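K.L.:
Sequence:
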Amino acid sequence: MQNSETIRWRALSPLALVFTFSALMSGCGADDATTDNGEVADSSGDKPVNEAPNEDSETDNGSEPEVDNGSDSGVDNPVFSTALPEVNSNLTTDSPEGIWMLVSEESSEIPNSGDSMNPFLFEKTNREFVSVTENGDGIYVLTRCDGSWRDEYELTATETGYDATYSETTAPDEGGVEYTTTTQFSVVYGADNQTLTVSGSKITQPAGENLALSVEGVKVSDAPDFYAADEFAASAQLDYVNLGNADAEPEGAPRSRTDLPVHCVGSSVGQKTTESTTDEWQLDQRYFTVILNTPEGDPSDQIQYYELNQNTDGELTRSLGAVIVVSSTDLGRDEQAEPGVATMYVHACSVGTGDETACEAGAEWTETSTVSAEGITFDINFEVIDNEYVLNPLAMTPLTAFLWPHDGDFMRTRLDVTLSTD
Numbered sequence: 001m002q003n004s005e006t007i008r009w010r011a012l013s014p015l016a017l018v019f020t021f022s023a024l025m026s027g028c029g030a031d032d033a034t035t036d037n038g039e040v041a042d043s044s045g046d047k048p049v050n051e052a053p054n055e056d057s058e059t060d061n062g063s064e065p066e067v068d069n070g071s072d073s074g075v076d077n078p079v080f081s082t083a084l085p086e087v088n089s090n091l092t093t094d095s096p097e098g099i100w101m102l103v104s105e106e107s108s109e110i111p112n113s114g115d116s117m118n119p120f121l122f123e124k125t126n127r128e129f130v131s132v133t134e135n136g137d138g139i140y141v142l143t144r145c146d147g148s149w150r151d152e153y154e155l156t157a158t159e160t161g162y163d164a165t166y167s168e169t170t171a172p173d174e175g176g177v178e179y180t181t182t183t184q185f186s187v188v189y190g191a192d193n194q195t196l197t198v199s200g201s202k203i204t205q206p207a208g209e210n211l212a213l214s215v216e217g218v219k220v221s222d223a224p225d226f227y228a229a230d231e232f233a234a235s236a237q238l239d240y241v242n243l244g245n246a247d248a249e250p251e252g253a254p255r256s257r258t259d260l261p262v263h264c265v266g267s268s269v270g271q272k273t274t275e276s277t278t279d280e281w282q283l284d285q286r287y288f289t290v291i292l293n294t295p296e297g298d299p300s301d302q303i304q305y306y307e308l309n310q311n312t313d314g315e316l317t318r319s320l321g322a323v324i325v326v327s328s329t330d331l332g333r334d335e336q337a338e339p340g341v342a343t344m345y346v347h348a349c350s351v352g353t354g355d356e357t358a359c360e361a362g363a364e365w366t367e368t369s370t371v372s373a374e375g376i377t378f379d380i381n382f383e384v385i386d387n388e389y390v391l392n393p394l395a396m397t398p399l400t401a402f403l404w405p406h407d408g409d410f411m412r413t414r415l416d417v418t419l420s421t422d
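Here the sequence shown is numbered in my numbering, starting from 1 and rising by one per residue.
Mixed in with the good hints there might be a few duds.
Simulated DEER-style distance windows between Cβ atoms [stated by the list, open to error]:
1) 357 x 225: 39 to 49 Å
2) 357 x 280: 44 to 54 Å
3) 121 x 418: 43 to 53 Å
4) 82 x 396: 14 to 24 Å
5) 230 x 167: 36 to 46 Å
6) 404 x 186: 45 to 55 Å
7) 361 x 171: 39 to 49 Å
8) 379 x 121: 31 to 41 Å
9) 83 x 137: 28 to 38 Å
The set of hints was computed from the structure by calculation and includes no laboratory data.
All of these numbers come straight from a predicted model, not from anything done at the bench.
Beta carbons: idealized from backbone N, C-alpha and C, even for Gly.
Whole structure, please, built from the sequences with the hints as guidance.
P.N.:
Next up, the structure:
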């Protein structure tokens, strides 16, 4: 069976917004921008202007320790394990429909030194709770939080799952060269429909990235709804003062939404390293993402926090970001409807120069998080202390009417998706 299917894997990328909205371009994807490999500005030859560290060594028991970074974000990132929970023999084997926990690993080979695509080595590990549902053609489609692997794929059903392919070609560059990026992956469900594997690649020709994807997953609930599952507990709450909340009563009052309609939850760590000996940089990146399934929106509606640490020839730069993008008029299940929210705050500073003390104090990030085979939890608050050092890239486009952030604006998300121990 073959059909054209839009796989809605694209969540919003903070840095993608910096570039694409500023340039009046469209496109979004969690942990990605609009380039061929899902990262920022690689095809242009520019350094990525801060895009999460690859710390995939495991603890003795295969799970990650809790991390409380306080306001000193970026010093220690959680160790990222690839352990998965045991198969639950109580779940149905009739179909793969339900909620799954995935662990995925992405890596790239450094292409030849003459590559004009700004060559680098890239590694990333994700852990996600995602849903699998049947589409109109009888294919059980795997959705993901990670936007690097979402586009208008052509799906072909197989006996064990499905294959997906997508290809796009850029406009000619200054030398008249067109670059074609081909993405393919295969989803294979186990015979009992309680395990899955995915293998794939993203290759750019005539010279470019060779990105490989490997995913393993375990079904954790037959229910496709996070709040209907008996096998785990789910809670998600957003509290925020968004651009002053001018429509709030009284003006500027905090907003609060509980039982957010969770569609997907993910945490990822990654690292990029250039191969160049004349332009040396390393970029560590970390993301926490909640994709929302809102009644009038789509799975690109989301809340995301990211931490980016870049070392360029010994110069350290840290970027923190908080994003809310909700097109729906209803953020919560039982809350009064209100206009959708779309905002993004970015705080970027050089680290340890002595001249950036005020900048580093311009925003406060407090975090407690756990990511393991037992679940994903985090409590993150991003607060604007001095808006001179925090900007909203959405405000830079003439197509939006957003204001600059106010001192005291904040976005706090408390999320807990934990497997039952019964």
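K.L.:
Hints first: check each against the structure and report whether it holds.
P.N.:
Right, here's what the structure says about each hint:
1. 357 x 225: 39 to 49 Å: At roughly 47 Å between Cβ atoms, residue 225 and residue 357 fall inside 39 to 49 Å, so the hint holds.
2. 357 x 280: 44 to 54 Å: violated, 26 Å
3. 121 x 418: 43 to 53 Å: Taking Cβ atoms as reference, residue 121 and residue 418 lie about 34 Å apart, which means the hint is violated.
4. 82 x 396: 14 to 24 Å: violated, 39 Å
5. 230 x 167: 36 to 46 Å: holds, 42 Å
6. 404 x 186: 45 to 55 Å: Hint holds: Cβ distance 46 Å, inside 45 to 55 Å.
7. 361 x 171: 39 to 49 Å: Taking Cβ atoms as reference, residue 361 and residue 171 lie about 43 Å apart, which means the hint holds.
8. 379 x 121: 31 to 41 Å: holds, 33 Å
9. 83 x 137: 28 to 38 Å: holds, 34 Å
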